[in-house]
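With the hints as extra help, turn the sequences into a complete structure.
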Amino acid sequence: AQSVSQHNHHVILSEAASLELGCNYSYGGTVNLFWYVQYPGQHLQLLLKYFSGDPLVKGIKGFEAEFIKSKFSFNLRKPSVQWSDTAEYFCAVNVGLTGGGNKLTFGTGTQLKVEL
Amino acid sequence: NAGVTQTPKFRILKIGQSMTLQCTQDMNHNYMYWYRQDPGMGLKLIYYSVGAGITDKGEVPNGYNVSRSTTEDFPLRLELAAPSQTSVYFCASSYYGGGETQYFGPGTRLLVL
Numbered sequence: 604a605q606s607v608s609q610h611n612h613h614v615i616l617s618e619a620a621s622l623e624l625g626c627n628y629s630y631g632g633t634v635n636l637f638w639y640v641q642y643p644g645q646h647l648q649l650l651l652k653y654f655s656g657d658p659l660v661k662g663i664k665g666f667e668a669e670f671i672k673s674k675f676s677f678n679l680r681k682p683s684v685q686w687s688d689t690a691e692y693f694c695a696v697n698v699g700l701t702g703g704g705n706k707l708t709f710g711t712g713t714q715l716k717v718e719l
Numbered sequence: 311n312a313g314v315t316q317t318p319k320f321r322i323l324k325i326g327q328s329m330t331l332q333c334t335q336d337m338n339h340n341y342m343y344w345y346r347q348d349p350g351m352g353l354k355l356i357y358y359s360v361g362a363g364i365t366d367k368g369e370v371p372n373g374y375n376v377s378r379s380t381t382e383d384f385p386l387r388l389e390l391a392a393p394s395q396t397s398v399y400f401c402a403s404s405y406y407g408g409g410e411t412q413y414f415g416p417g418t419r420l421l422v423l
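Protein sequences, first through last, are from chains A and B.
Going by the working numbering, the first sequence opens with residue 604, and the numbers climb by one from there.
Going by the working numbering, the second sequence opens with residue 311, and the numbers climb by one from there.
Think of the hints as simulated: they come from the structure by calculation, not from any bench.
Even for Gly, the Cβ is constructed at its ideal location relative to N, Cα and C.
Just to be clear, a hint being listed does not mean it is correct.
Far from chain A, by Cβ distances over 12 Å, these chain B residues were calculated [unchecked claim]:
| no. | residue |
| --- | --- |
| 1 | T330 |
| 2 | L353 |
| 3 | S377 |
| 4 | A392 |
| 5 | P393 |
| 6 | Q395 |
| 7 | S404 |
| 8 | G415 |
The following label-pair restraints were derived from C-beta to C-beta distances [claimed, not checked]:
| no. | chain 1 | residue 1 | chain 2 | residue 2 | range |
| --- | --- | --- | --- | --- | --- |
| 9 | A | K664 | B | P349 | 23 to 29 Å |
| 10 | A | L659 | B | N375 | 42 to 48 Å |
| 11 | B | G361 | A | L659 | 32 to 38 Å |
| 12 | A | D657 | B | R387 | 42 to 48 Å |
| 13 | A | S629 | B | G373 | 41 to 47 Å |
| 14 | A | F654 | B | I364 | 37 to 43 Å |
The following block contains the structure:
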């Protein structure tokens, strides 16, 4: 079965530091990849997604992610984090369901805390 | 658009009680999903629906039931609450399947004592 691994469970950074969160997936077929963010007390929101084409995907709030097929990775990056980026970040891979629709398989999440 | 709405926001249940978690979307999405989120475990799919009248099991369906009588509503039913069902429940929807972005509701926090 497909799975998603996020190796960093908790990350603490100072403002203006650079961020890279790792995401690896195990699935041999065509994948659609997502990063979702959950700010404190809020619901999950889409940060960015990869379907096809340019492997470097740009999302909202200055985030980007690079799909490296050979490494089964989809790492999230931001050059300079802000205090407001404090949140939990989830990587997810989309796989089709037998009954139609698509299932998002999520990683366990990375809790990011940005300190002033 | 309100997007995906869920009620209640928080509920405490006693073991053996039943309840229904409500989910409504106003985006005319065909597909709807229920996930549960447990600390350190990510989100797991409970049930999903590809349209009114059609539902199917996800990864962790035991102890839950769903129905989809309209495009807008996708309630999740817990018949005999157990402590293992203590979790945060998220409803989501998407217009198409196959990789379409899913939009999530604010979640329902459930505590079973």
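Checked hints:
Distance check for B:T330 against chain A: the nearest CB is about 20 Å away, which clears 12 Å, and the non-interface claim stands. Not every CB of chain A is more than 12 Å from the CB of B:L353 (nearest about 4 Å), against its label as outside the interface. The Cβ of B:S377 lies farther than 12 Å from every Cβ of chain A, with a closest approach of about 15 Å, so its non-interface assignment holds. Residue placement check: B:A392 keeps its beta carbon more than 12 Å from all beta carbons of chain A (closest about 23 Å).
The beta carbon of B:P393 sits about 21 Å from the closest Cβ of chain A, which is more than 12 Å, so the claim that it is off the interface holds. Once the 12 Å rule is applied to beta carbons, B:Q395 is consistent with being away from chain A; the minimum gap is 19 Å. With a cut of 12 Å on Cβ distances, B:S404 falls inside the contact zone with chain A, its closest approach being about 7 Å. Taking the minimum C-beta to C-beta distance to chain A, about 6 Å, the non-interface status of B:G415 is violated against the 12 Å cut.
A beta carbon spacing of about 25 Å between A:K664 and B:P349 agrees with the range 23 to 29 Å that was offered as a hint. Separated by about 43 Å at the C-beta atoms, A:L659 and B:N375 satisfy the suggested range of 42 to 48 Å. Separation of B:G361 from A:L659 is about 35 Å and conforms to the stated range, judged on CB atoms against 32 to 38 Å. As the Cβ distance of A:D657 to B:R387 is approximately 44 Å, the hint placing it in 42 to 48 Å holds.
The given range of 41 to 47 Å is broken by A:S629 and B:G373, whose C-beta atoms sit roughly 28 Å from each other. The given range of 37 to 43 Å is broken by A:F654 and B:I364, whose C-beta atoms sit roughly 25 Å from each other.
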